[in-house]
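Protein chains in written order, with my numbering: chain A, 1 to 456; chain B, 1 to 372.
The hints are simulated quantities; they were obtained by calculation from the structure and are not laboratory data.
Note that this is a predicted model, so its numbers are computed, not measured.
Do not rely on the hints blindly, as some may be mistaken.
To be verified - What follows is a list of derived Cβ distance ranges for each label pair:
#1 B:Asp343 to A:Arg418: 54 to 60 Å
#2 A:Asp128 to B:Pro113: 24 to 30 Å
#3 B:Thr114 to A:Ala109: 26 to 32 Å
#4 A:Thr361 to B:Gln126: 52 to 58 Å
#5 B:Pro336 to A:Ala129: 47 to 53 Å
#6 B:Ala306 to A:Thr238: 48 to 54 Å
#7 A:Gln304 to B:Pro125: 56 to 62 Å
#8 A:Pro137 to B:Gln256: 40 to 46 Å
#9 B:Thr114 to A:Ala225: 44 to 50 Å
#10 B:Thr172 to A:Ala287: 40 to 46 Å
Positions of the beta carbon are idealized from the N, C-alpha and C atoms, including for glycine.
Okay, here's what each chain looks like letter by letter:
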Amino acid sequence: MVRGALVAALACAAVAVAGCGGGPAGDPSEALLGGDTTIFDVTDEAFNYPDHNLDDAARALFQIGDGVFNRNWVTAPATPQGNDGLGPTFNALSCSGCHPNNGRGAPPATGDEPFLALLMRLSIDGADAHGGPNPDPAYGDQLETQAILGVPAEGTPHVTYTEQPGTYGDGEAYSLRAPAYSVDGLAFGPFAAGERFSPRVAPELVGAGLLQAIPEETVRALAAASGGHVNEVWDTATATTVLGRFGWKANQPSVEQQTYAAFRGDIGITSSLYPTKNCPPPQTACAAAPPSMSQPNLGALEGQAMVVHGMSLAVPAARDVTAPAFVRGEALFTQAGCATCHVPKVVTGVVDGYPALSNQTIRPFTDLALHDMGPGLADGRPDYLATGSEWRTPPLWGLGLLPAVNDHQFLLHDGRARGFAEAILWHGGQAEAAKENFRTMPKADRDALVTFLQSL
Amino acid sequence: MRASLLALALAAAGCGAPDATSAVVKQYAAMMRANAVDESAKLAALSDAVDAFVAAPSPDAFAAAQSAWLDTRFIYGEFEVTRFYGGPIDEVQGRVNEWPIDENFIDYTTGNPTGGIINDPQHYPQLTPAVLASSDERGGIENLSTGFHALEFLLWGQRPDQTAGPGERPYTDYVDGGTATNQDRRRTYLKAATDLLVSDLAGVAADWDVTDATSYAAGLVAQKPKDALELILRGWSNMTVSELYFERMNDPFLTQNRKDEESCFSESTSIDISGDIEGIYNVWLGHYGSLSGPGLMNLVDAKDHALAMTMMAQLSAARDAVNAIPPPFDHAVIAPAGTDAHDKVQAALDALAPLAATIRQIATTLGVTVNI
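Chain B with its partners taken away, still in its complex shape:
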């Protein structure tokens, strides 16, 4: 034990400033554990609401399940900053939050009343979490049968018109003899997909428990601090630039296509992007909820004070600008030029744009490689 600690210390010394970097890695792991635990609590509430609805479908129980789903999303958005480096969430991301989904693969759609797994008892006689997990992404990543957006489609239904409100699936889709067909299988599917999501995120939360020596978090903090820092920066930079700025905001703005907009069934993409920028902000500051400690800002500040101040100013401005977009986001992105909503989207994109160059400077300053 002593010898290996010494070796670790020597190895770390070769990479410079191990204590400060190590402290940031430890704080990051603690924050992500808290974030994952909070998300698991939200999912437990969703699970309860789904159980109640499936047991006795009613308009109120349906609305409660929808509300519980929406309530999971901000905290999940924050947690997405842990993607893109092979961490715990990347292990399950494909069946947790992938989109766009193909509605026809799950359930009926306009013009296709017998579509989807729900209406195909011949090929899918049993609808269990394991069956859904094995059908997910079959033949391509659009063939999604699981995760947040499958649940979203089950709770809201299709939105044929982008300018109208959220999907209006009737709760009677889940009532025997009600609307559509295979209502019993739809109940089973909703429950199974919820259970799978709960169990996937519970596994992720366990993997961020640094007190478990076999967890991912324990491995991360035991690595050479600079290697761990590199992973953290890869996720943080990719989430900021490729995912939030380009894919989630700039793409739908340029293409004006609802297919490119994340939570389109429930019209709640505003929550997603606000959660995302909050998670990016958390990692920069080293703050999450009541947890406060060293963040990326402290490391940058120790090497280049001006750069840290630049990033602080740009990221704060971007966070304010993203949160200033009037919901729903999918209406704002297609609002005509000259309207307040259009201008607010443009302002948010303008505020996010300079972050890429600043983050590249930060990576160079910290001596790590990022993929943006």
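Okay, chain A solo, but in the shape it has when bound:
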């Protein structure tokens, strides 16, 4: 009732201020985080829309992709055909299982709760043939926590949190929760000595197409300017090493490859790009499981639709961008040094087949570059050119809507941060100075900075 009315009022606040003139200083166009692709919604549907300027032919494909995204895959062989081929080992039954409402998954609330949206990447010493992580010989490059009947799941990960107290410059106390990960129930023997783990939470998906639309030379220039470096990763379709853009360590080159890799790795669904099941040699029951009549499991039209969907999920508009707190928070964000890596404004290039994404002035708050984030966040697992303490600067658009879309605001690569302030306080390494600037700000300034982020 009251909540509904409030949400509705917020929905058009930005537009109302712009439409009816007056108001304090501030640039109303800053609401358009995705340029002409921006949509307007502050409800749990906020991440479900196609780009505002998408043509109707692409919208038809987008909606098919939306259906596949929400589809539960089932064990093969099954009738009706078309949604079977699950696993044999898997992490989730559907894309939306880990990315609810195209949003961000939450880490387990307790040590006993199963991992769903938090994926454990695995590797051993060395690199694969293309310079990427060297997969575990028995378990591959991620831990699949579930399996179809008659096939063993790989193992059960757990997380426990320890509170780490700290103090702001003005004496106010805070506490960060430091995670510790363990795995038991390993079905194919113990891990190798020196096994490397990297827990990674399923992020929100909006705006990925715009990030892919940033010209490569722009990404390289941004990385150079921010003191970071780009990742160079394997492109399966072209069998070449190319610029990495997606994933917590920028280890995927494109929305297309990220989509098909997640289908195979997380759900066990094969595609034209990855036509074989993920069954490392010791997993004989996995390899012997009955196949689907649909080979590959993901049909050509559905695959194409999934890529259009992933490329076209629109970024919602920022809220209250002309409010004094936003204007002040944004200035503090820049003064503290956050904007060095979380780059506020970028212009996209021309993308073949995606006119809606082309030549857009966007506000992603990322440089797509890798930066050393210090030992507190390090996972110790190299990923192509990313070291064990480097992470890609994540975009910040849409994060203020996570409470509406996903009923939580757990941030960073494994969801350890309970909101923006904790996420900032975890920053170290190249971000240490910016973090300290935030930590030592007066409370009113810290609050304004967080208000700004909540408005994105």
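Starting from the known structure of chain A, arrange chain B on it as the hints suggest.
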């Protein structure tokens, strides 16, 4: 009071034509209240039928519950035009009408005789509306345990073959010692899920009562008229283009997959889409049942007569074409090219297609932003 009214009036004046817009917003709120109240009455009838069936399961009582379920759907379809702007239905939509559902999460399915919450007394010892509400959407939106389509699955059961008729769950699934297992828990589940739906929709109807100053409707009509109009258009446009045209009709036609078809257990999707287009038509005209007043058409007509006439013609044609599809819809969408049913689906899609561009023009003309 006087000062705030004056301020409101001044603010509204800055946005132009407040009286006409305000009248449309008020008419819309009255229509949606009537629509929600009508739906609540249909749900009360469903609740009575479920009570009667659960008390004494019989073939006739089962058929009566199925019939009562079907009878709720057209009016609910009309009401869906209030989605997509954070209104009352969006607060509960996830547990009211979300789909597709995962049958295995609720009850047994082919090859999985012990599946689902019903057959899991260890983890779900109590089956109350509150327990079902908290299990809904756990681990993803397909893990639906509540709402219209959970009830539909409980009343009809699985449909392993798309070309056959509706699901054929035997009523003896609810008879102690009958078919399947945990019949008592299935009765409890059916009743609890019905009660939750009744209570969710009663809350929505209360929120559309403009005479209650704390209701959503009261807040909507007290807003700047243009802001309220923008919300109305966001719901109306999204329901027309993204939801009805693309998701509910074009998707299953292109993919030929029953998973993409809404009321697949009961084979009643024709009712859903007819209700949807009726609700879209209602908001355009400002009509619902015996209520008649200014609608979006009047606002557009005052600014651009030709555009209003274009929309009127296109929307009427689309409504006729959607209603001309021979039921059941899921048979029509997979009918071979050249058959009447296939051609009627194609004709309906062709009739709906131009609405997107026209609605974008309408939004521009009215000076509001929509998400299509």
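Hints, one by one, checked against the model:
| no. | hint | result |
| --- | --- | --- |
| 1 | B:Asp343 to A:Arg418: 54 to 60 Å | holds, 57 Å |
| 2 | A:Asp128 to B:Pro113: 24 to 30 Å | violated, 44 Å |
| 3 | B:Thr114 to A:Ala109: 26 to 32 Å | holds, 27 Å |
| 4 | A:Thr361 to B:Gln126: 52 to 58 Å | holds, 55 Å |
| 5 | B:Pro336 to A:Ala129: 47 to 53 Å | holds, 48 Å |
| 6 | B:Ala306 to A:Thr238: 48 to 54 Å | holds, 51 Å |
| 7 | A:Gln304 to B:Pro125: 56 to 62 Å | violated, 46 Å |
| 8 | A:Pro137 to B:Gln256: 40 to 46 Å | holds, 42 Å |
| 9 | B:Thr114 to A:Ala225: 44 to 50 Å | violated, 60 Å |
| 10 | B:Thr172 to A:Ala287: 40 to 46 Å | holds, 42 Å |
Hint compliance for this structure: hints 2, 7, 9 are broken, all remaining hints hold.
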